[in-house]
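**Q** As they're listed, the protein sequences go chains F and R. Number 447 in this note's numbering belongs to position 447 of the first sequence; there are no gaps in the numbering. Numbers given in this note's numbering equal positions in the second sequence, counted from 1, plus 888.
If you are wondering where the hints come from, they were derived from the structure by calculation, not from laboratory data. Just so it is clear, CB atoms sit at the ideal spot from N, CA and C, and this is done for glycine as well. Hints are not guaranteed to be accurate.
Residues of chain F placed beyond 12 Å of chain R at every Cβ, according to the derived structure [said to hold, decoys possible]:
{"id": "1", "residue": "Gly212"}
{"id": "2", "residue": "Ala378"}
{"id": "3", "residue": "Gln506"}
{"id": "4", "residue": "Thr661"}
{"id": "5", "residue": "Asp752"}
Dumping the calculated DSBU-like pairs for lysine-lysine here, alpha-carbon to alpha-carbon at most 35 Å [stated by the list, open to error]:
{"id": "6", "chain 1": "F", "residue 1": "Lys756", "chain 2": "R", "residue 2": "Lys993"}
{"id": "7", "chain 1": "F", "residue 1": "Lys756", "chain 2": "R", "residue 2": "Lys1093"}
{"id": "8", "chain 1": "F", "residue 1": "Lys703", "chain 2": "R", "residue 2": "Lys1093"}
Chain by chain, the residues:
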Amino acid sequence: MEHRPNPDELLKHLQPEENKRGRLKIFLGYAAGVGKTFAMLEAAHQRREQGVDVVIGYIETHKRAETEELVEGLEVLPRKKVEYHNVALPEMDVDAVLKRRSQLVLVDEFAHTNAPRSRHPKRYQDVEEILDAGIDVYTTLNIQHLESMNDIVAQVTGVIVRETVPDRLLDEASEIEVIDLPPDELLTRLQEGKVYIPEQAARAIHEFFRKGNLTALREMSLRRAAEHIDDQMRSYMQTRAIPGPWPAAERLLACISPSPLSERLIRSTRRLADELKAEWLVVYVETPQLAAMPPEKRERVARMLRQAEELGAHTQVLGSSGSVTASAQTILEFARKNNISKIVVGKPLRPHWQEVIRGSMVDMLVRMSGNIDVYVIASSDQPSMPPEENPLKIHSPWPRYLGSIVLVAVATGLGFLIGGRIAPTNLVMLYLLTVVVAAIYLGRGPAVLASLLGVLAFDFLFVQPYFTFAVSDTQYIITFIALFLVGIVISQLTARAREQADAAHQREAETAELYDLSRDLSVAGEMDAVLQVLIQHVEDTFKRDTVVLLPENDHLVIRMVSTNLKLDEDELAVADWVYRHGDPAGRHTNTLPAAQLRHLPLKTARGIVGVLGVQGPESSRPDLTPQQRRLMETFASQAALAIERVQLDEQARQAQLLQATERLQTALLNSISHDLRTPLVSITGALTSLDEQSDSLNEDYRKSLIVTAREEADRLNRLVGNLLSMTRIESGAIKLNIEPGDIQDVIGTALDQLGKRIAHRKVEVNVPDNFPLVPMDFTLMVQVLVNVVDNAVKYSPEYCKIEISAELENDQVRLIIADRGEGIPPEDLERVFDKFYRVQRPDSVSGTGLGLSISKGIVEAHAGSIHARRRDGGGTLIVIELPVKERV
Amino acid sequence: MSETNQRVLVVDDENSIRRYLRAALSAQGFTVYEAASGEETLKAVLSNRPDIIILDLGLPDFDGIEVTRRLREWSQTPIIILSVREAENDKIAALDAGADDYLTKPFGTGELMARMRVAMRRLVSNSDEPILQVDNLKMDLSRRVVTVNNNPISLTPTEYEILRLLLQNAGKVLTHRQLLRQVWGTAYESEMHILRVNISNLRRKIEPDPARPHYLVTEPGVGYRLRTED
Chain F
1 MEHRPNPDEL LKHLQPEENK RGRLKIFLGY AAGVGKTFAM LEAAHQRREQ
51 GVDVVIGYIE THKRAETEEL VEGLEVLPRK KVEYHNVALP EMDVDAVLKR
101 RSQLVLVDEF AHTNAPRSRH PKRYQDVEEI LDAGIDVYTT LNIQHLESMN
151 DIVAQVTGVI VRETVPDRLL DEASEIEVID LPPDELLTRL QEGKVYIPEQ
201 AARAIHEFFR KGNLTALREM SLRRAAEHID DQMRSYMQTR AIPGPWPAAE
251 RLLACISPSP LSERLIRSTR RLADELKAEW LVVYVETPQL AAMPPEKRER
301 VARMLRQAEE LGAHTQVLGS SGSVTASAQT ILEFARKNNI SKIVVGKPLR
351 PHWQEVIRGS MVDMLVRMSG NIDVYVIASS DQPSMPPEEN PLKIHSPWPR
401 YLGSIVLVAV ATGLGFLIGG RIAPTNLVML YLLTVVVAAI YLGRGPAVLA
451 SLLGVLAFDF LFVQPYFTFA VSDTQYIITF IALFLVGIVI SQLTARAREQ
501 ADAAHQREAE TAELYDLSRD LSVAGEMDAV LQVLIQHVED TFKRDTVVLL
551 PENDHLVIRM VSTNLKLDED ELAVADWVYR HGDPAGRHTN TLPAAQLRHL
601 PLKTARGIVG VLGVQGPESS RPDLTPQQRR LMETFASQAA LAIERVQLDE
651 QARQAQLLQA TERLQTALLN SISHDLRTPL VSITGALTSL DEQSDSLNED
701 YRKSLIVTAR EEADRLNRLV GNLLSMTRIE SGAIKLNIEP GDIQDVIGTA
751 LDQLGKRIAH RKVEVNVPDN FPLVPMDFTL MVQVLVNVVD NAVKYSPEYC
801 KIEISAELEN DQVRLIIADR GEGIPPEDLE RVFDKFYRVQ RPDSVSGTGL
851 GLSISKGIVE AHAGSIHARR RDGGGTLIVI ELPVKERV
Chain R
889 MSETNQRVLV VDDENSIRRY LRAALSAQGF TVYEAASGEE TLKAVLSNRP
939 DIIILDLGLP DFDGIEVTRR LREWSQTPII ILSVREAEND KIAALDAGAD
989 DYLTKPFGTG ELMARMRVAM RRLVSNSDEP ILQVDNLKMD LSRRVVTVNN
1039 NPISLTPTEY EILRLLLQNA GKVLTHRQLL RQVWGTAYES EMHILRVNIS
1089 NLRRKIEPDP ARPHYLVTEP GVGYRLRTED
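The whole structure should be built from the sequences, with the hints applied where relevant.
**A** Listed below in structure tokens is the structure:
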């Protein structure tokens, strides 16, 4: 259990620190054929001459002679053949590289996608692993493979590059070397056939290799490299506290929609943020209408938000009631609250007329933004992406439209029935009703259809001339137009109302889930119950397996887990990291994303009380929407509060217990102190009197003083003895010296020891003849009897007889001490053997009440028992049972 | 009875106890010598030649049992040991090593004097005395007859032996082991039940109330004693 990997080490393993990691040098070019691979090989040879151990991990020479020449002389690690659909695809053998452990390794084509079933999906991930192992890497990359460049490149060249590399890798690279070649020279080389062009893309590549494109790309790559140097310079200046032209703290906000244009928007904002050295945030405003989108579209939004996070933005999902004004207000409120200086939006996609009716978001923002800048990003010449779905279309439309037709038919039928008796204008109302019904139950589209059909039917059937579409009374034109327009408006309104109702419904469902969780948590009294509730709710709501880990001795342990969920050491290490750092980690987060579970810290105001781990989705299913993630985080904070509550309850209980114990201890100490001191009062008093007043005391008083002092000294002696015995019993230091003993002897010796205390009492002893010897510790049993008889003496009047008898039954010897005293109340018959019993019931009787308790301790050490019973006719029976057969 | 010009050596490391014993014993006419450690004891016995030694078991340097053993190597002076209630094994060890009797702290002066008298009497009356008597109990050694209130009692040989030993050492404690060894022999040293049964039988025969023995007193954990009046 103790060789669990240290979570920080694990973190280092996944996100290594600078000084242990290998250094990455990227040879950056703007197009294929500028000579990146060549330059990389040259550099490698140079390093080799300097004595560095260099190997080639993967090189793509494309059979160019000059490149191949350079390969010679360098150690090449054999490629790995990965089987895929009966084709052996050559890929870099990462394990061989790691095993070889050279100082430097060359890896060509940084953006390459590995064959399926390779260790990592992308080569740059392979490179990261190699860097983590402390090996330096040289690699080559074209500018268009950078993610943030992706859309610009597409725009400029018309070619969409699919293999991208996250920007952070470029940012984290130690060195970037720009391999520059004037475009004219590149074109010359192309013509000379020195540039590798894969067959399939021939045509596209020709498109690509136009001078304008090349120049633009060249500029981009140079600029990007310059930015990188700029960054390095800045951090250099910062670490040495050199004052520099630091820009004002800008903050950007990008507002995205489900449109794929938003991806571009995100990248543009990122570039802008880079240039301005600003923080940037991304929001998505979810209107009720958008909330009703099909899951694929919602997934796209979630993906875009994740991508934004990966690019370095903070993201948030905001809600609004649905109207454009409301959404704009929500955005601006957020912007103001977060000190946004610039808002970035995309140019609207909708046709203008829609904007006139509904309002334009951009317009609203611009109007209401106050002193926040609004940047509008253009969208012209969209690359060949799949067209955006018409947001008006709802899934499985055909049955609904059919429904409209049916409704109109029904209305028509009704019309016929009552047509004779009612004016046509009133018949229009029927069709209006149809439209309303269609809007409520079937949606916008069908409602519009119903509107149209209604008009037509009305015209055809109920307006003269009948059974034609012609209209004799032109006033009906107005009716038609009105019917149509009203139909549209109603359908819009009802549909919107419906969507709002749905969104409210959804929110209500969420709130209901939260309420259920809160309620169940508040009822749960113990930790296990709380955890059970939490796991149950997470399982029910999110359909995922869950685990809760709580700290024990500063160490996380699994307190409760869904069945079928097993955690290995790595997961526990991730959980541990979360516990110590207080941030979420694991699947779909930025930290330790390779984990199986998503780990959330259970945080309260006082600190972190534990970790909640939720399993990631199965491979084919989508991850949680941002809304669901928010809900889960709320679950986590509720649970954290409940856990804290249980812990505090426990602490309070302990404190109370401690208080009660202390109170009892104080009472006991007071009682013992009193009992120890009281005899000393008489002794000291007597002695001092005898000393100082000896002349004035007569013989009787003198005698009385002396007798009192003597008795009190005996009493003190007994008390001390009792306390010692009690201590010995409590600490288990009682050692029985078991020998066969004579019961009659025990009784006799005890009575002898009692001496004066039973001098005036009648004691009757009844032990049958030939009573067997009983194994016992003689001295201790004498003590037992002394205590029991003493007790009987104290609680019975002087004239009463005390009877002691012994009997044999089966394997037990029974000793009965009977008195005719006041008896013991039934509820106290057990308690009478408690330590300091008298403390709880202060009587006039003296003594601290240890006698019976000591007796019980001794008898039980003999594996016997002692009980008190009420005696028929009044009084008490103390029954002691001892085993006759010697038991250890 | 006062013993005049008898010499007593008081050994205890507690000053207060020595003070008390000096006062009590001086009042009875003893010449009192003191020692506070094992070393001092051995020296004092040699130089002062006491008639009786009161010896505390809990001495600082070497324990009372060891002192007793050493003393007994060359001295027959009666030794009474002082010990605490719980230390039964120590008492037995000391008695077996040769001490004559013991006193459990705290004790009364009367008890002390009684034990001392008994211990010293042994020296005096060690001669062959055919008739042993305590109270109403009489044993005629020459005729091997035991009577209680002049009524003859029939005893088994073992019972007779036990009673004889106790009577000859009247007032002094005899450990279980001492009794067993002397009556039955060394092999029976730990056969407690035999002793107990015999004592029980003896009590039934000679005691007016066997349940509250007058003569045969049990010293819990240590042994038995024949009680004498004083």
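**Q** Is the Cβ of Gln506 of chain F more than 12 Å away from each Cβ in chain R?
**A** Gln506 of chain F clear of chain R: closest Cβ-Cβ about 80 Å, beyond 12 Å.
**Q** Far enough from chain R: is every CB of that chain over 12 Å from the CB of Asp752 of chain F?
**A** Non-interface label fails for Asp752 of chain F: nearest chain R Cβ at 7 Å, not farther than 12 Å.
**Q** Is the straight-line distance between the alpha-carbon of Lys756 of chain F and that of Lys1093 of chain R 35 Å or less?
**A** holds, 27 Å
**Q** Does Thr661 of chain F sit more than 12 Å from chain R, CB to CB?
**A** With a cut-off of 12 Å, Thr661 of chain F remains clear of chain R, as the shortest Cβ separation is near 29 Å.
**Q** Are all C-beta atoms of chain R more than 12 Å from that of Ala378 of chain F?
**A** Ala378 of chain F clear of chain R: closest Cβ-Cβ about 102 Å, beyond 12 Å.
**Q** Compare the distance between the alpha carbons of Lys756 of chain F and Lys993 of chain R with 35 Å, and conclude whether the hinted pair is satisfied.
**A** holds, 18 Å
**Q** Compute the least Cβ-Cβ separation between Gly212 of chain F and chain R, then decide whether it is above 12 Å.
**A** Consistent with the label, Gly212 of chain F stays out of reach of chain R, its closest Cβ about 110 Å off (over 12 Å).
**Q** Taken at face value, is the distance from the CA of Lys1093 of chain R to the CA of Lys703 of chain F at most 35 Å?
**A** violated, 40 Å
Checked against the numbered hints listed earlier, the structure breaks hints 5, 8; every other hint is satisfied.
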